[in-house]
Structures are given as C-alpha cells and as structure tokens.
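Undergrad: Read off the chains here:
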Amino acid sequence: MSEQQRMIDIEVLRYRPEEDAEPFFQTYTVPFTDDMSVLQGLQYIKDELDSTLSYRWSCRMAICGSCGMMINGKPELSCHTFLRHFYPGGLRVEPLNHFPIERDLVVRVDDFIGKLESIKPYIIAKEVRRLEQGEYLQTPAERDRYEQFSSCINCMLCYAACPQYGLDNKFMGPGVLALLHRYNADSRDGGQAQRMELVNAEEGVWNCTAVGYCSEVCPKGVDPANAVNINKINSAKDYFINLVRPREGGK
Amino acid sequence: MSDMQHDARRPYVRPMTGWWRKNPYFVCYMLREGTALVVAAYAMVLLTGLLCLATSEAAFNGWLAVLRHPFSIALHLLALAAMVYHTWSWFDIMPKTMPPVYAGGKRVPRHVITRAGIVTAIVVTLLILLLTWSLT
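Chains A and B supply the protein sequences, listed in that same order.
With positions in the first sequence counted from 1, the corresponding number in the working numbering is that position plus 8.
With positions in the second sequence counted from 1, the corresponding number in the working numbering is that position plus 831.
Everything labelled a hint here was simulated from the structure, so no lab data went into it.
Accuracy of the hints is not assured; some may be wrong.
Example chain B residues on the side facing chain A (calculated, C-beta under 8 Å, incomplete) [to be verified]:
1) Arg852
2) Lys853
3) Asn854
Straight-line Cα separation of at most 30 Å, DSS-like style, residue types lysine-lysine; simulated pairs [as the list claims (entries may be wrong)]:
4) A/Lys240 to A/Lys228
5) A/Lys245 to B/Lys853
6) A/Lys178 to A/Lys128
7) B/Lys937 to A/Lys134
Every residue gets a Cβ at the ideal spot worked out from N, C-alpha and C, and that includes glycine.
Could you build all of it, start to finish, from the sequences and the hints given here?
TA: See below:
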C-alpha cells in the first residue's frame with residue numbers, strides 16, 4: 009500500500025558565531041512528499057534531526073517575506089519552492105546573499121530596514137483633507153501607475169540578486185527604490201521633493217547598472233529594475249529643473 | 832561593514848570574489864557589458880578610416896588593405912558575433928529600463944517591446960547595407 013519513501017539531501021550552510029570561525033556546509037537527508045516545500049524540509053530537520061538549525065519563517069504562503077534564502081544559488085522564498093523540483097538530485101540552501109550572516113540561514117537586515125525607513129514609505133498627503141471633505145479619490149488609471157510596486161513584501165530577494173548592492177551596500181538597492189517609486193507615483197502623494205535627494209544621490213538610482221536580475225527573482229511580480237530606471241529619468245529631469253529653478257534649501 | 836568587526840554577535844560577511852561566474856544570469860550580464868567595449872572598439876576602427884581618408888588617398892588605401900587582411904576578417908566575424916549578442920541583450924533589458932508604454936489603454940507587454948527593438952535593428956541594418964551596396 010505505501011510507496012517507497014523518497015529521500016532528498018539538503019545541504020545547509022551553517023554558521024554558529026559562538027563556535028565557528030566561518031560558515032560550513034552540513035548535509036541532512038530528509039524524507040519528502042510531492043507537496044513539501046523547502047521550508048518544510050528545514051522544519052523536518054529542526055524537528056527530527058538537528059534542533060540547533062536556525063532560519064526565519066512565518067506565514068508559509070509567500071506573503072510575509074520572511075523565509076527568503078539562496079536555493080541552489082538562486083534567491084527564492086523557501087515556502088514557495090518545492091523539494092520535488094530538485095529530486096533525484098539534492099539541493100543547497102544558503103542564507104540570502106549580500107547580507108551578513110547572523111546565524112545559519114538567518115541574515116542581518118538592519119541595513120535594509122534603515123534604508124526602508126529613510127524613504128518615508130507612506131503617503132505624505134498632497135493636500136490634507138478634513139474628514140467632512142471625504143476620501144482621497146483616485147482613478148483606476150492613476151492607481152495603475154504604482155500598483156505593481158505596491159506588491160512588495162520586503163522579502164529582500166532582489167537585494168540578494170543585486171551584485172551592485174553586494175559590492176557596495178551604500179547603494180539604496182532595488183526593493184527600497186521600488187517602494188520609493190510606489191509612493192512618488194501615487195497621485196495622492198506630495199512627498200516627491202523630500203524623496204528626490206535620496207534618488208539623486210550616487211547611492212540612489214545611479215549605482216544601478218541595469219543587471220535586471222532583481223526583477224527576475226521577485227516572487228510578487230514587482231519590477232524593481234523598472235522603478236529604478238524610471239527614476240534615473242526623473243533624477244535627470246530634477247537636475248535640469250533645479251538648474252533653472254533652484255529648490256529652496258535644496259542642494 | 833567595519834562597524835560589525837567588533838560586534839559580539841559576530842555577523843559573517845561573505846566575500847564577493849568571482850560573483851559573476853556563480854550565476855549564468857550574471858555571466859550574460861557581463862557579456863552584455865563586455866560586448867559594449869567591442870562596439871566602442873569598432874567605432875575607433877571606423878574613426879581611424881575617416882582620419883586616413885582625411886590624410887591622403889594612400890593612407891586610406893593602406894587602411895583598406897589592413898581591413899582585407901585575413902586576420903582582420905576573422906576579427907570582423909568575432910566583432911559581428913559580439914555586436915549581434917550586444918544588440919539582442921540590449922533590447923532584452925530595454926523594457927525594464929523605460930517608462931511604461933500604453934497602447935489602447937493597455938500596457939504594452941515586455942516581449943513586444945523587445946521584439947520591436949530587434950526587428951527595428953534588423954531593418955535598419957539591412958537598409959544601411961542596401962544603401963552602401965548601391966553606392967559601391
């Protein structure tokens with residue numbers, strides 16, 4: 009009645025800062041079924057084989073953005089990638105590239121969070137309306153200008169896909185710039201002038217060399233490369249407008 | 832990352848050595864950027880021809896003779912291959928680098944933009960070939 013249990017080798021990059029000088033690979037052999045994600049494979053390891061393994065996860069359904077990792081060298085959400093795809097071969101799981109490793113598959117995200125805060129990722133109302141004045145109205149066409157960029161779940165896969173960020177983490181990076189564009193492109197928002205200085209800086213859009221891999225790996229179909237490159241045009245326009253009519257207190 | 836060197840949590844920063852060889856996508860990217868140098872180099876070849884033409888007939892004939900050398904023809908074939916790859920890869924990335932284009936109220940899909948670019952490149956190349964052919 010029962011089929012032969014299939015087993016798959018999961019090679020995990022381990023790093024335990026209190027005892028390891030540097031990371032090393034450890035292989036676990038895990039029984040799996042067709043419906044098991046890589047995340048479930050890791051959970052099997054943690055529950056049954058090695059409770060010392062650390063990794064981040066939460067929703068298990070590709071919306072919280074916590075479980076991003078390098079799977080066979082590609083940035084993926086581990087809940088969104090299935091073990092069956094790698095069988096009969098094995099797979100190699102590493103923490104997201106370009107971020108410092110905190111422990112095992114957990115990376116340090118302070119830099120990303122700092123950048124995210126810096127772009128004011130919220131609507132700065134163009135005109136403040138009182139309650140009796142009603143809602144902020146927007147046409148479907150106006151919404152379409154930013155809608156795809158609002159799907160970002162801050163999973164940071166695009167940062168792990170961006171060699172420019174890996175080579176120099178002063179670069180603002182794809183995800184944060186896509187979110188910046190999401191707010192700048194919103195017809196209800198009036199915060200563009202406050203955000204343009206971040207865009208114009210060399211660490212803003214100009215560090216992007218259009219590798220384009222960020223848009224390939226996004227699990228939510230956002231096109232951060234597009235947001236960054238549209239803002240190169242905006243930044244150039246802003247530069248020339250500023251020459252003709254300098255901004256008050258601006259650089 | 833220097834601020835992390837003395838961190839009790841000892842975050843580990845991985846080196847970037849050989850990053851572009853680790854992912855086929857990055858290899859293609861480096862080829863796209865690398866073949867741009869071939870385009871620039873060939874512009875120099877053409878500029879040299881122009882300078883020779885401005886100098887004297889003998890200089891221009893000398894330049895033509897260099898171009899006809901088998902070694903030069905081999906280089907031209909390599910340059911052509913590089914140019915074709917560069918053109919393709921350039922139009923492949925183009926939809927990600929330009930503001931959205933709308934036609935009939937709908938956003939034009941990426942692959943349509945890429946194909947339109949490639950078709951334009953082919954048509955323009957053929958036109959230039961026909962034009963130069965008719966002049967010789």
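Undergrad: Take the hints in turn and mark each one as holding or not.
TA: Quick rundown of the hints versus the structure:
1. Arg852: violated, 11 Å
2. Lys853: Hint holds; lysine 853 of chain B Cβ to chain A Cβ min 6 Å, cut 8 Å.
3. Asn854: holds, 6 Å
4. A/Lys240 to A/Lys228: holds, 23 Å
5. A/Lys245 to B/Lys853: Roughly 37 Å separates the two Cα atoms, so the pair is violated.
6. A/Lys178 to A/Lys128: holds, 18 Å
7. B/Lys937 to A/Lys134: Answer holds: lysine 937 of chain B to lysine 134 of chain A is near 27 Å, not above 30 Å.
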